[in-house]
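If you read the sequences in order, they're chains A and B. Here the working numbering is used: the first residue of the first sequence is 1, the next is one more, and so on. Here the working numbering is used: the first residue of the second sequence is 486, the next is one more, and so on.
Simulated from the structure, these hints should not be mistaken for laboratory data. Ideal Cβ positions, reconstructed from N, Cα and C, are used throughout, including at glycine. Check the hints yourself; a few may be wrong.
Derived coverage of chain B by chain A (criterion: at least 3 residues anywhere in the stretch with Cβ under 8 Å from a Cβ of chain A; other residues may be distant) [to be verified]:
{"hint": "1", "stretch": "589–599"}
{"hint": "2", "stretch": "693–704"}
{"hint": "3", "stretch": "732–742"}
{"hint": "4", "stretch": "808–819"}
Result set (PhoX-like, lysine-lysine): computed pairs, CA atoms no more than 20 Å apart in a straight line [claimed, not checked]:
{"hint": "5", "chain 1": "A", "residue 1": "K189", "chain 2": "A", "residue 2": "K163"}
{"hint": "6", "chain 1": "A", "residue 1": "K229", "chain 2": "A", "residue 2": "K256"}
{"hint": "7", "chain 1": "B", "residue 1": "K754", "chain 2": "A", "residue 2": "K256"}
{"hint": "8", "chain 1": "B", "residue 1": "K513", "chain 2": "A", "residue 2": "K163"}
{"hint": "9", "chain 1": "A", "residue 1": "K476", "chain 2": "B", "residue 2": "K513"}
{"hint": "10", "chain 1": "A", "residue 1": "K229", "chain 2": "A", "residue 2": "K189"}
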Amino acid sequence: MFREPLLFESSRPGRAGVPIDDPDVPPVDVARELGAELVRDDVPDFPELGELDVVRHFTRLSQWNYGIDSGFFPLGSCTMKYNPKINEVIARLPGLAGVHPLSAEADIQGVLALACELEAALAEMAGLDRVTLQPAAGAQGEFVGVRMIQAYHRARGDRQRTKVLIPDTAHGTNPASAALNGLEVVEVKSGADGVVHPEALARLCDSHTAALMLTNPNTLGIFESHVEKLAEVVHAAGGLVYLDGANMNALLGVAKPGHMGVDVMHFNLHKTFSTPHGGGGPGAGPVAVRNALAPFLPTPVIRREGDRYRLDDEFPHSIGRVHAWYGNAGIWLRALAYIRTLGAAGLCEVTSRAALNANYILESLRDVYEAPHGRRVMHECVLTDRRQHDFGVTTSDIAKRLMDYGYHPPTIYFPLVVAGALMIEPTECESQETLDGFIETMRAIAREAETEPGLVTGAPTRPIVRRLDEVRAARKPRLRWTRSG
Amino acid sequence: MLARIGVASLEELFEGVPAALRSRAELKLPPALDERALVRFFASHAAENTSVLSSPSFLGGGAYHHFIPAAVDALSSRGEFMTAYTPYQAEISQGTLQMIFEFQTLICQLTGLEVANASLYDGASAVAEASLMAARLTRRDKLAVSAGLHPHWREVLRTYCEGVGVSLEIVPLDASGRTRFDAAPRECAALVVQSPNFLGCIEDLGAAAQAAHAQGALAIAATAEALALALLKSPGELGCDIACGDAQSFGLPVSFGGPYAGFLATREKYVRQLPGRLIGESVDAAGERAFVMTLTTREQHIRREKATSNICTNQGLCALRVTIWLALLGRRGIRRLAEINVASASYARKALTRAGLALPYSAPVFNEFVVRVPGLSGRLERCRAQGIQPGVALARLGDAHADELLVCTTEMNTRAQIDALVRELAA
């Protein structure tokens, strides 16, 4: 494929993409209207391009990307499932995309009704009582959940609880979210069998424990089989249990976090509920809680009174506002469309098929790639490069070689507790034929590693660029274009 | 497939879940809908809302209705952009990576600063992240926050600051509607000022920077109406250290408040404390120019609890729309659009004044301003009856603004719409 210059390099003086006609109000001299000292002359070097230039530029760039629409995307922990096109149509309905967040209450009844319906559906899946749709992403959901836990303890006069227990298999956002709330992180080691054991947890619990932040199933794809006992241990010490809902795709209709002793959790709508990842966002991270934590929900909350809805920000124990408005509505509307399309039976089938696909891959590859935990997994599995290491081939090489075969690589080097991890999450969306094609390719790469390792360590050769020089990028950061270069 | 796994049924796959925890009953959810029924369901709820796309609106206050060229939707809908992941695998993410590099450059050009991140959730979280960054840089734990900062943004800022023990002190406005920088408290990490501020008044950012620097604080310039950056002297040129805000005006529909795109720009010397994703230029193994995520040791997936922030996404798709929108409008287009906004507000202000209504604040405005309307609630009802969304009654959002209405006029408002608004408010 061809190179594509930056917008600034293609710019030609005088070109414009869209014509802007004169307004029908009288024109003004802005320097006189505002004061010359406030007005800038120009935005130097801002691009000047025709519409067709812009269309071709972004079309070309898109062709250098790999999306779910391009092919199989077994990225563990990220749940790269198909994003139904109808959901895009729904989010763009003029009566939804055109709703201003400060419109009068009477003008937003439809969107509030939809928000309420989604909150109820998420509460049902969580087995918890109340939901806020405000958090703009999973990490903001964690921030909100941890903050509510803090508020809960403080409201009980329990001010010494400054520690959050986080298993070594957790996402990096969990410790960072605890730190953003001024809390101290205590790592919990998982056992050799890949799960957290109540005795190990009990040794770390005391009167300073604010919460346990758990991911279940964990990042090895294994259900935390002692979860009820873990919750008991934390509760007995006076702490609460937070669930990172990143892996809810394994639980829909199978088990409810609320029944496991979880007090607070967040959902990642861009994972479990099919909203597009968009090259890194926007996401949405609704939080569900037990009634005991409801007084601390962020403002505002939606109240239903008869057949009318209103936004209420008059409750004194709230942790306050975390979003300027009521979350990423354009995203949570898509998630509701997904839930309404599938219904209860469809969602349950999502989880069954996701588990079927993950276990199928695991069983089809464990004779050529090391599987660190022998047991059955739920929605994702972890393999390693241990056997390939003997031939000088690493996880990173395997990932890059997959690109040459037209696949997106799995998540690599995560979870951190597994050396050289390849974390594979196929999702429910893929057919057996697609999985067989991927399995065959992974086996081919394992053979290449033995017979022609250079093919793997020199990969990729087929994408638009070869491996990147990341050291150079970080040593002398060049983070924007300038005319002088 | 079951045979290869060695189980007899799908049920067996879940035997790792203790029996006591297995759900026995089906989820209690409304029945599934096929595509036709789904559209009917959403369309019927959509019809219960009032849309700025189908009736005249003068609503602003942090969410702005602007022109979106057709090419923005067409290009941003491409599946290769929409269904891609965070560009960790640079070789097959060059489209997203180059686009964000362009986004970072455009934000630098507009703000007059040297480095911008790949975007944050929204303007409110951008102000919060900017403020926490200033607290880290100065090792101070107090912020001077202009009373002109959007009240919701201020609340979000408070929520973020409470967690790490940073306090807020509010700096009042003067009678003209601008911040009294001389009243800022001492020993602050930063002076946070929004321009145009929540009342629409354009602040003197040069004076803000001087006041901040005089006490060793950083000057943070926030903006909710990013289009003003196309016309007004940039925060960087005026000496501010951090510029942040919401880029929603650049191609994102109002969409009941989200998703939008926060931006955050600063001086190069502060880059190590900048939160969020950054894309840098490098070369590939063949020596060709290529783009890659860089300086990731600031981020949560590497640094965990010692990261500059817990943020782990940017607003990729929103940043894409912003980049396409800015490219389509271009150097002259953004200026022209900004000038039309000023002209519309100027026309509306004159017409309201002629009709006998008072404009309580005298500072210059961009496209938004306050008008005092005696008997406001009755007037609002009249506007509604005419299908007009007349603006934001300030009493809804705070204290002491009885009968004050925040009116926003953009290039989407025709002269006839403005005349109708004046008629209903003043008659």
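So which hints don't hold here, by number, going up?
-> Hints 2, 7, 8 and 9 not satisfied by this model.
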